[in-house]
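Enquirer: Please work from the sequences and hints to get the whole structure.
Position one of the sequence shown corresponds to residue 2 (the numbering used here), numbered consecutively onward.
Keep in mind the hints are simulated off the structure, nothing from the lab. These numbers come from a predicted model, not from an experiment. Nothing false has been slipped in among the hints.
Have a look at the derived ranges for each label pair, beta carbon to beta carbon:
{"no.": "1", "residue 1": "E309", "residue 2": "R245", "range": "36 to 44 Å"}
{"no.": "2", "residue 1": "Q333", "residue 2": "P266", "range": "24 to 32 Å"}
{"no.": "3", "residue 1": "V433", "residue 2": "A485", "range": "18 to 26 Å"}
{"no.": "4", "residue 1": "R444", "residue 2": "A329", "range": "24 to 32 Å"}
{"no.": "5", "residue 1": "R444", "residue 2": "M262", "range": "55 to 63 Å"}
{"no.": "6", "residue 1": "H229", "residue 2": "Q126", "range": "31 to 39 Å"}
{"no.": "7", "residue 1": "E309", "residue 2": "E489", "range": "49 to 57 Å"}
{"no.": "8", "residue 1": "E344", "residue 2": "Q477", "range": "37 to 45 Å"}
{"no.": "9", "residue 1": "A329", "residue 2": "M262", "range": "33 to 41 Å"}
{"no.": "10", "residue 1": "K260", "residue 2": "F303", "range": "16 to 24 Å"}
{"no.": "11", "residue 1": "P216", "residue 2": "E122", "range": "26 to 34 Å"}
{"no.": "12", "residue 1": "V214", "residue 2": "G432", "range": "55 to 63 Å"}
{"no.": "13", "residue 1": "A497", "residue 2": "I446", "range": "30 to 38 Å"}
{"no.": "14", "residue 1": "V433", "residue 2": "A497", "range": "33 to 41 Å"}
Simulated crosslink set (SDA-like; lysine to any residue; CA at most 25 Å straight-line):
{"no.": "15", "residue 1": "K260", "residue 2": "V275"}
{"no.": "16", "residue 1": "K324", "residue 2": "L395"}
{"no.": "17", "residue 1": "K251", "residue 2": "L129"}
{"no.": "18", "residue 1": "K324", "residue 2": "E309"}
{"no.": "19", "residue 1": "K221", "residue 2": "R94"}
Using N, Cα and C, we set each Cβ at its ideal position, and we do this for glycine too.
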Amino acid sequence: MFNKIIKRGTRKGRSEGADHAARPAAPSSSSGGAGTAAPVTVNHASRASAPTPSSPTSPHVAPSAFPAVSASSASPPLLEPLPLLRDVAAAERPGLLLRKLRLVNALFDFSDSLKHPREKEAKRQALLELVDYVQAPAAAANANAPPRLPDNVQEALISAISANIFRSLPPALYESAASIDPNATPDDEEEPYLDPAWPHLQLVYELLLRYVVSPDTDTKVAKRYVDHAFVLRLLDHFDSEDPREREYLKTVLHRIYGKFMVHRPFIRKAINNVFYRFIFETERHNGIGELLEILGSIINGFALPMKEEHKLFLGRALIPLHKPKPVAIYHQQLSYCIVQFVEKDFKLADAVIRGLLKYWPVINCQKEVLFLGELEEVLEATQPAEFQRCMVPLFKQIGRCLNSAHFQVAERALFLWNNDHIVSLIAQNRGVIFPIIFEALERNIQSHWNQAVHGLTANVRKMFLDMDSELFEECQQQYIEKVAKAKELEEQRESAWRHLEAVAAKAGGDDMVLVN
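Expert: Below, the structure written as structure tokens:
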């Protein structure tokens, strides 16, 4: 509750005197109240800066593109009646498109539904018409017909889209709390911030998506406007708290990666940089899961033999992503990417398993359960040769998990023996694995507090016995001897202390104080 008050108070305080902020959005005028969160402007490393009404919308827009305009200066053109695109001749459509895009370029404050309702509705209708026009199939080829999206229209389109979606994001919850209490942490049950401008922003994102996937979009022309600067600003907005915006960003970036082949290496490198900053600096980012979903599809399309660049990405970015505390939020997507690598190139299994062991949690039991689940998926794709390289440190860690006082960790480790492929790998290397794991099984049988763990341990123990009874008996004998030797050493230690106490008492007399 305290964090919610902090968050709302920070946003409310920043909204005073910012009636015409550079935040896009446009719900219908009949939608009623759009929410109470006012636009804020926060400039920091992880969040994109919003264009001001007096400056160009983005650094990559050419000087010929019209600048963003505020609501007050945009009122006359917004109310100017414009014909529908379908009602004008094809030769006149480029000029009409530019006029409608100039209308879309205007920015409004959508935190107050009573401000500029007519202008907002006019902008919404223009966006709807533009979306329909861009996604409509092209007519039959005509050599004399002008292109549906000339170069200057594409430039103006990207300029208008940039003016709307590239704005300052509101401060994240942990930033709002830290501004008042440095020791404050976000509440895990805190609801995500939902942008009141989203009904409008959704139309802008839909327009961008339709432009990217349209067959009329020539990549040779479009790459001048959907350039590296544009892609970087899209990546900045993956840190948005609104999950609806992140979902659209994921789809748009994935489509850009698929269509603009020239941008592919840059996009991969830019995503790497987002991961590096998250892992080694902030450990705070809202869009890691969505970025990993994009990468899962990209990894699935990697050609074989795999490039060294991709292997470095696995070792330097994906595996270290197991380190941050909030790994549970994106672990499902991360695990999918890791398994995709192993399935593509089984020789990477040894490096992946050793990477998991490197970042294995020590005191976080829920994280251990996640790691064990991922480990099972990796082992399913592991070949015997790679398994042999890492089986000794692997089963030492599994043995520690078997003896965990947290029953879910011990139970999840024992579930590994329900996987036929893993059991076959163990059977092929039982001479090495049995002695490592036998002691952990015996300790569970003798002293573990959970009955379910007792039952599962007995089943695994019986499986070992049926697999190789002679080796089982040998391991049992070694365990008995080890326990007897440990008991003998303990008795010798106690005897030595008793002797030392007796000598000290005899030498010191009544002045000596012995502490047991």
